[in-house]
Amino acid sequence: MPRKPTFTALICLSLALLAGCGDGPWNNPYQDDPEVRNTFYSSFSTRPKHLDPVRAYSSDEYTFIAQVYEPPLQYHYLHRPYRLVPAAAAAMPEVRLFDADGERLPEGAAADAIAYSEYHITLRDDLRYQPHPAFARDAEGEWIYHTLDAEQLADKRSLGDFNERDSRAVTAADYAHQIKRIAFPSLHSPIRGLMSEHILGFEAFTEAVKEAHERQQGEGFFDLRPFPLEGVEVIDERRYSVRLKGHYPQFVYWLAMPFFSPMPWEAEAFYGQPGMKERNITLDWYPVGSGPFMLSENNPNLRMVLERNPHYHHEAYPDTGGAEDRAAGLLDDSGKTLPLIERAVYSLEKESIPRWNKFLQGWYDTSGIGSDSFDQAVTFGGGGEANLTEAMQERDIQLITAVQSSIFYLGFNMLDPVVGGYDEQARQLRRALSIAIDFEEFISIFLNGRGVAAQGPLPPGIFGHREGVQGINRTVYQVTPQGQHRRPIAEARRLLAEAGYPDGRDPQTGKPLILYYDTTATGPDDKARLNWMRKQFDKLGIELVIRASDYNRFREKMRKGTSQIFMWGWNADYPDPENFFFLLYGPNGKAEHGGENAANYASPAFDALFERMKNMPNNDQRQALIDEMMEILHRDAPWSWGFFPKAFSLHHAWYGNVKPNLMANNTLKYKRIDPAPRDEKRRAWNQPILWPILLILVILAVTSLPAIRIYRRRERSSAL
Amino acid sequence: MTAYIIRRILYAIPILIGVNILTFLLFFVLNSPEDMARMHLGEKRVTEGAIASWKAERGYDMPLLYNAGAEGLGKISETIFFEKSLKLFRFEFGSSDSGRDIGHDISQRMWPSLAIAVPVLIIGLAVNITFALLIAFFRATYIDLWSVVLCVVLMSISSLFYIIGGQYLVSKLLHLVPISGYDTGISAIKFLVLPVIIGVIGGIGAGTRWYRTLFLEEINKDYVRTARAKGLSERVVLFRHVLKNAMIPILTGVVVVLPLLFTGSLITESFFGIPGLGSYTIDAINNQDFAIVRAMVFLGSVLYILGLLLTDISYTLVDPRVRLS
Chain A
1 MPRKPTFTAL ICLSLALLAG CGDGPWNNPY QDDPEVRNTF YSSFSTRPKH LDPVRAYSSD
61 EYTFIAQVYE PPLQYHYLHR PYRLVPAAAA AMPEVRLFDA DGERLPEGAA ADAIAYSEYH
121 ITLRDDLRYQ PHPAFARDAE GEWIYHTLDA EQLADKRSLG DFNERDSRAV TAADYAHQIK
181 RIAFPSLHSP IRGLMSEHIL GFEAFTEAVK EAHERQQGEG FFDLRPFPLE GVEVIDERRY
241 SVRLKGHYPQ FVYWLAMPFF SPMPWEAEAF YGQPGMKERN ITLDWYPVGS GPFMLSENNP
301 NLRMVLERNP HYHHEAYPDT GGAEDRAAGL LDDSGKTLPL IERAVYSLEK ESIPRWNKFL
361 QGWYDTSGIG SDSFDQAVTF GGGGEANLTE AMQERDIQLI TAVQSSIFYL GFNMLDPVVG
421 GYDEQARQLR RALSIAIDFE EFISIFLNGR GVAAQGPLPP GIFGHREGVQ GINRTVYQVT
481 PQGQHRRPIA EARRLLAEAG YPDGRDPQTG KPLILYYDTT ATGPDDKARL NWMRKQFDKL
541 GIELVIRASD YNRFREKMRK GTSQIFMWGW NADYPDPENF FFLLYGPNGK AEHGGENAAN
601 YASPAFDALF ERMKNMPNND QRQALIDEMM EILHRDAPWS WGFFPKAFSL HHAWYGNVKP
661 NLMANNTLKY KRIDPAPRDE KRRAWNQPIL WPILLILVIL AVTSLPAIRI YRRRERSSAL
Chain E
1001 MTAYIIRRIL YAIPILIGVN ILTFLLFFVL NSPEDMARMH LGEKRVTEGA IASWKAERGY
1061 DMPLLYNAGA EGLGKISETI FFEKSLKLFR FEFGSSDSGR DIGHDISQRM WPSLAIAVPV
1121 LIIGLAVNIT FALLIAFFRA TYIDLWSVVL CVVLMSISSL FYIIGGQYLV SKLLHLVPIS
1181 GYDTGISAIK FLVLPVIIGV IGGIGAGTRW YRTLFLEEIN KDYVRTARAK GLSERVVLFR
1241 HVLKNAMIPI LTGVVVVLPL LFTGSLITES FFGIPGLGSY TIDAINNQDF AIVRAMVFLG
1301 SVLYILGLLL TDISYTLVDP RVRLS
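Line by line, the protein sequences give chains A and E.
Anchor point for the first sequence: position 328 equals 328 in my numbering, and the numbering is continuous, going up by one each time.
Anchor point for the second sequence: position 287 equals 1287 in my numbering, and the numbering is continuous, going up by one each time.
Do not rely on the hints blindly, as some may be mistaken.
Pairs of lysine to aspartate or glutamate residues, derived as EDC-like cross-links and limited to a Cα-Cα distance of at most 16 Å, are as follows [what the hints assert, rightly or not]: (1) K156/A with D1101/E; (2) K277/A with E1057/E; (3) K210/A with E1057/E; (4) K1244/E with E1234/E.
What follows is a list of derived Cβ distance ranges for each label pair [unchecked claim]: (5) G1103/E with E467/A: 22 to 28 Å; (6) A323/A with E1057/E: 52 to 58 Å; (7) S1156/E with A647/A: 55 to 61 Å.
Covered, in the sense of this in silico footprint (three residues per stretch, anywhere, with C-beta under 8 Å from a C-beta of chain E), are these stretches of chain A [what the hints assert, rightly or not]: (8) 188-202; (9) 686-695.
Think of the hints as simulated: they come from the structure by calculation, not from any bench.
In this text, all values refer to a predicted model and were calculated from it rather than measured experimentally.
Each residue gets a CB set at the ideal place from its N, CA and C atoms; glycine is no exception.
Just need the whole structure built from these sequences, with the hints factored in.
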């Protein structure tokens, strides 16, 4: 007689079925493809807004498009300080300088004498685009998908619905085309304004295409090719040049960013057809690149998948690096063909808890460390060095730390009548506040030690930054035989008294001086930070009033220059001191000029030095100028310098070739995965445990016995 | 009944206009078109010209509600409100501010939301009614007392606790299902088990207690006494008679939420990485995408009104005494 299946057995069976009946872990969130085991798994928390290289500018966007698009240059993966090397270019650009008469100037000519500079770029001869429907042609050589009508588009909802795909060689014209796209106002490139200051004929081109675009009736492909851009010349299939007004040495750094990647006109012709946008088939969603990877799945609400571009040119893993790189095994793969992995799967994880737990289970190869899991992962030794906890070491997890090329600073609005201005009293007030606001304490309390107190605007790793005593801000710190220390609060009080606020009191009212701090920190978690900030001012007897608002209002105050004290940040575009000092350059004042100088600092002496420094190569002369600029900044104290955040990241032992490169975004191609140990660990760490479920069922059964007894008694009992 | 339905649909129009105005005002009190442009264009190196151009292309360069510079009807029609709201009444949601077709996105993202919400509703209903009937059966015993206490305890716990606790226990410690994620087709099941179980458990406290109250109210009525007097067992009395007569308030609660199942659960979708409409809405709010926000609020309002209408109609189906006029 067959046995009646019990409830417990049914539950177990269901769980087994739900787990896919496989012999692998039940909690495997992936559908593993045995053909592609060499896959990198990671997560992202913010969906990229744009994947069109003309618009994308944030790190969450670069995570993807920097792997798909290939600009002419890139940063050497291992070399420090950061060094540009060719990517799609065959060699570094040749820079030609000219005077106002068009005469060639020698390299190193004075900036004043340079009227134009030309960047001549020669491309590799083996560049090809990823397979894409935009390149597909029929037997007669006609484009298959360039003139689709409504009927042909009716069943098309994604790029996968276009079966035919092809590729073609990348040409210099594609790079020139992309520069035109930067100038095309409808595409809203964030660097259009900046490039119009530098590339010759940019504004004229913008006006011409704007007018023509307005004349074009209805939607459809707008072809930029017939419109000439004076500053960009296509010399032949592989060579093009960009002509700049004056000298702008930082231009080479832009050539390493996806803004300057190639864009085939066929892609615009394909995506620009009427009806494509309504079907969400756009270039901003489905990139067309020539980089090492191609985006094979774009579902930013769930998962993004990159796969190796079968047409990627030959590139070898670097064979040069420092001794420490060799010791760390970072040169073991020298000479191997890139990319080293076949596929990368990024899953959307909005919450930190699931993300962290999946990393610990081995489902993600790498992870950041959230503040809620920091103590679980990291301990600090006696010397302040970060170490992994035993639990992490047991899993052979590795820790990588790096000071980021970013700064968070506390700014004083120089237009403000109390904290602003350039007289000695105002300076003393700002210096006193800079001493009182103890950012070392802030880093320790609120950042788990993940930061370095800043001595000026330049982070470590950027030319001009001086380490140790040499780089110290002596208006805030002092050097003693025990080391460098923040100056005592008594000195801050003295400065405050000299500024006209003895004991922090406003002489006009006789009451404590009231200062205003504008912040976007409005959540309950921010309360402790704001209280801490109040206490810093309270050390001097100053009352700090917090003016919390949403980010929109905060930005508005900054634009209008109506804030007094605020905290803001900057993330470097490229490793050049110009990219930080320009945040304090007078003509970049936010209130007056709409620039990035939020403190509205305007020092003629500093501005003059900046103008000289920005066009110089990295040499002793430039360092001397930077030292002078730093001295002015330390004296004027337009910012209390805040801190440089330190990134802590973890990765499993099977994930190799990990070296933080804060400038390069295209580093995925260098990474290595060892799938065998990963599979083994995942199995070991994720064995399903069933006994607690059975125990719960038994407890439920036992506790229901009295109820069953009562039920039976009631059923048997009579009404009266 | 047809006249009643038509009347209710006509009543809905001013409600929807009101909701639309309210959404519009609330959104633009917090976000100006310039803020929206800055949010979409990014933080760095954005010029005033780019902002003006972005606003002009999307029609955000017009006055919000009243165009003093226009002639005649243009004073009303040449405004952001009029331009952006009129098409909603034809269920044309248009494009989001980032250029994507909202209607298509909604049609894609409602399925994951439904994949959680429908099982939670059905299983939750069955479990809650069963528990409530059992408690009603054991009324006035210590089982009743402790069950009510347990229900209050379950009600008092935050849904976030159930989610984090469930993920910790089931996924992290026992390794039975993935902690988070989603997939299509049959592969979605292993991702749905935990959020559905948590959704059901999270609703047991409130649901069971509410249904218990309904059943206890019915139990003291004359027809129940008559049924008992006929010699029917307590089980039959409860499941055949009491349950049937308590269906009206149960239906009220259930039918009204049916259309809202589409709109998804914000917290559950966020923690489990489910790409549903709940996360779609919150992403739009965070990105200051007015086009999506107004579309989702409008859709939510329409569905709520539809839910109320369906509730009224369902009354007539379960209780022949009810007539809609």
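Going through the hints against the structure:
Proximity of K156/A to D1101/E is assessed by CA-CA distance (about 14 Å); at most 16 Å being required, the pair is judged to hold. Restraint check for K277/A and E1057/E: satisfied, since their Cα atoms lie roughly 15 Å apart, inside the 16 Å limit. Taking the CA atoms of K210/A and E1057/E, the gap is near 13 Å; set against the 16 Å cutoff, the hint holds. Straight-line distance between C-alpha atoms of K1244/E and E1234/E comes to about 14 Å, which keeps the hinted pair within the 16 Å bound.
Look at G1103/E against E467/A: about 57 Å separates their beta carbons, and that is not inside 22 to 28 Å. For the pair A323/A and E1057/E, the beta carbons lie near 55 Å from each other, so the given range of 52 to 58 Å is met. At about 40 Å, the CB distance of S1156/E to A647/A disagrees with the hint of 55 to 61 Å. Coverage of the segment 188-202 of chain A by chain E holds in this model, with 6 residues showing a Cβ closer than 8 Å to a Cβ of that chain against a need of three.
Taking a C-beta to C-beta cut-off of 8 Å, the segment 686-695 of chain A contributes 7 residues in contact with chain E, enough for the three needed, and the coverage statement holds.
Hint violations for this structure: numbers 5, 7, all remaining hints satisfied.
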